[in-house]
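Colleague: Each chain is listed here by its residues.
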Amino acid sequence: MTPTAGLPDTRGAERAPGLRGWLLMAPLLAWLGAFVIAPTLIMLVYSFCDRDELGQVVFTFSWSNYTRVFDPTYLKILLKSVYYAAITTAICLVVGYPVAYWVGRAPERVRNKLLALIMIPFWTSFLIRTYAWMTILKSEGPLNSLLLYLGMISTPLDILYTPTAVVIGLVYSYLPFMILPIYGSVEKLDNALVEAAFDLGAGPVRAFASVIAPLTRPGIVAGVMLVFIPAIGMFAITDLMGGARVPMIGNVIQNQFGQARDWPFGAALGMTVLLLFAATFWLTTKKDPSAT
Amino acid sequence: MARKLSGMRLLNLLLGGWSGLVFLFLYIPIVLLIVYSFNASKMAIVWEGFSFKWYTALGREALDHVSGTKRSPLVESAINSVTIASIVTVFSVILGTAGAWLLYRYKFPALRSITTLVYIPMIIPEIIMGISLLIFFKAMSLTLGFTTVIISHITFCFPFVLIAVQARLAGVDPALEEAAMDLGATPMKALFLVMVPYMMPAIISGGLMAFTLSLDEVIVTYFTRGPTSETLPLRVYGLAKVGLSPILNTISAVFIVVTVALTVAAESVKGLNK
Amino acid sequence: MKRRLFGLIFLLGIFFGCKEKPAPTPAASAGPGPSGSGAPTADKPKPGKELNLFAWSEYVPQEVIDGFSKETGIKVNYETYASNEEMLSKLLAGGTNYDLIQPSEYVIEALVKQKKLAPIDWSLVPNFKNIDPKLKGLAHDPENKYSVPWMTGTVGIVVNTDKIKDPIKGYKDVFQKKYKGRIVSLNDSREMVAWALEASGLKSNDITPENLAKVKPMLAEWVKLVKVFDSDSPKTAFLNGDVDIGVVWSGEAALLYQNNKKFSYILPEEGAHLFIDSLAIPDSAPNKVGAMMFMDYILRPEVSKLVSEKFPYTNPNLEARKLLTPDQLANPASYPPAGERETFRDIGKIASEVDKLVTDLKASN
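Residue numbers (the working numbering), protein chains in the order written: chain B, 1 to 292; chain R, 1 to 274; chain A, 1 to 365.
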């Protein structure tokens, strides 16, 4: 019953939706229209407005919020956010892929259990979990005690409130969002194909590079998207585990709606991030989205 | 042949070992969290000795709350969170799976634009999403409450399901469904007997992600909640100021232990796999 | 196929239609009922049945709410926030119609300027007499028309005296090179700029572009020395042993002192400022009479005492202070020596410059 993952056959895919198709798509389109497009449009309008003493919107038209976005400080912060997101994504991919593969190849009856076990740690509160990490990493914490006891270090390591701590926190939080989509692709890998690759004398590396990776590419792409995109806007982890010393783009935007009292500028920053993403996405995806 | 197979076994062994380490990594803070739920101190982060008192305190609060003797905001918010996350998961799975299937099945000019739109809730900063949804709900004269929180959560959760299922469907021959229909299945049957089971692993992954995201969201929830729809993460976030009490660890620990136990014990999960 | 779609629409219908019911509040909170200030009866105005309280998390103890409900029969819905700015953004974006909010002084001033607060009818709040006269008629509410002080506090220095033996007197003693990597600071640009202004001999409210330029080099040095910026729970870094000195809210300091007497609290000699968290009634409140009854209720000494027990801030209610234990009154962070202290004023649009300044300094770090 398992369908084989052959090459995409365009013959059957060239189907116009027709009336029934559009009707079926109506709930999705309505949802996107009401709760994604409409609020985004509100913010788009705001981003061209001026502000009053409380940071509220005064309806006028100007580009000034967008010219301010290209201040070197904000560009630097945006780059830094992207940089952290990229590192997180790369580590999550390297760490998570083998796990997804292993779970996908595990006996059928335990797969779903293993998946759930990957997610369950995140059913605790973010703050409690993060405070637990902070307790582990602090200078007088269990990790340092262990390393000192084992004689691996002679003075406690300063990990908490460093970029290392931030990366640990980010990887921890996003890892399941890499593993789960990849699992979806690994699970449908045909065992026979993998075995054939080995039988033909390919080592694990060759088998992975020439058979496994290309076949699970959609899962990898999905995992990368699900980690990278949300990680750009993340700031709670950098604040708590990094001591809030390095502002992220998420902090800057949040502040505009808070202390800085400049909603229109916050909206402009948000819209810029959105447009940068949309442009990148548009340029890098092929016309055929089934290859995404 | 034997040599090749042992190569594969070695690989599986390595993969298993690596996965074990990753599971350890995922559960390290959870172990610490559970240890601290037995903390005698009033403050969660200061260890003052072993005590069961937070478990008895939580038990009492829960009993009083359930029996209606005394309202417990903590227990109430926890129940709210789980309820909201469950409803959000059901709707996200339906919307996301149907969306992925339709976007895979049909081809039309606006396809790429729609796919881009699906990503917007993921890229847009939470505060912007929260405030703009709040303004939108006000404009629609919707009363803030469970409904508005659930709508907002579905909006940022369903893309995760959609993208996971889309990845699963990528590269699948659309003729698969047609073949089923050629064999006499109605379109409904073809969908539910062929496509849905095929998508199931991704649906489960997506559902798990949606549940998790909804359960732990703070910013969008803050803006879209009403006066009585408090969730646990909001409560915890507010409590950080006063000093997190170990009772929060206790409630997390109970939840984790129960869900892990249920997951490991559940035989019904097998059914989904078939 | 269509059945499925109808099913979905049907489900949505159920869920939109009925989901609101299980919530304990009926729709009553939404519509501004006939009650409230709109229709006062001849002699005594009647309160509405529900009170939507929008206040800091945990700041209003459950006992207080329960006591008030029991006495008046008014149901209190307590919605929370974690900072003034959070409250303001939800209020302005149009959250629920709140009856009572709990802003700090500079936010009250801003809201008064925008005509977003309702004046209080003091005949309904006779217990206002219990409030410390020194806290009446301050700049943010000069005629005492709009606000009732809830708790007050200061911003000051906490030192772990086990680790730091040098005498610490002011901001300049905290931000020294030798303490690099041992300092915690509030993650609040307005506060940090105020400290630098005070340390430079300027007034904390004199925020002008020139003064910002003047303190910029000093702040640039300070930012480099700080290990942790945290406004929500700076006590965590102290308790974990990751920092030994810092500038924090007095409430945090009081909790640290309760935990261990080695944490001492010092008001900076360059000038300390006072914050006043108060209760106020938004202009759009449907149940203004109920809100005023609540104000009067919490001004009773025995009720106000309950708040002090939970929150070690300075209680502005002089009658309530008489009921506190000597131990509570001896906490130097809760009841520091009296003195003249500035409060923050609303700074309007320049707030964005203040934020930009600190963001620039942090980003170039």
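These are calculated hints, taken from the structure and not from any lab test.
Even for Gly, the Cβ is constructed at its ideal location relative to N, Cα and C.
Watch out, some of these pointers could steer you wrong.
Quick partial rundown of chain A residues pointing at chain R, CB under 8 Å, derived from the structure [unchecked claim]:
1. A55
2. S57
3. E79
4. A93
5. T96
6. D162
7. T236
Colleague: Are the hints correct? Go through all of them and say.
Modeller: Results for each hint:
no.: 1; hint: A55; in the structure: violated (10 Å)
no.: 2; hint: S57; in the structure: holds (2 Å)
no.: 3; hint: E79; in the structure: holds (5 Å)
no.: 4; hint: A93; in the structure: holds (5 Å)
no.: 5; hint: T96; in the structure: holds (5 Å)
no.: 6; hint: D162; in the structure: violated (15 Å)
no.: 7; hint: T236; in the structure: holds (6 Å)
Taken one by one, the earlier hints fail for this structure at numbers 1 and 6, listed in ascending order.
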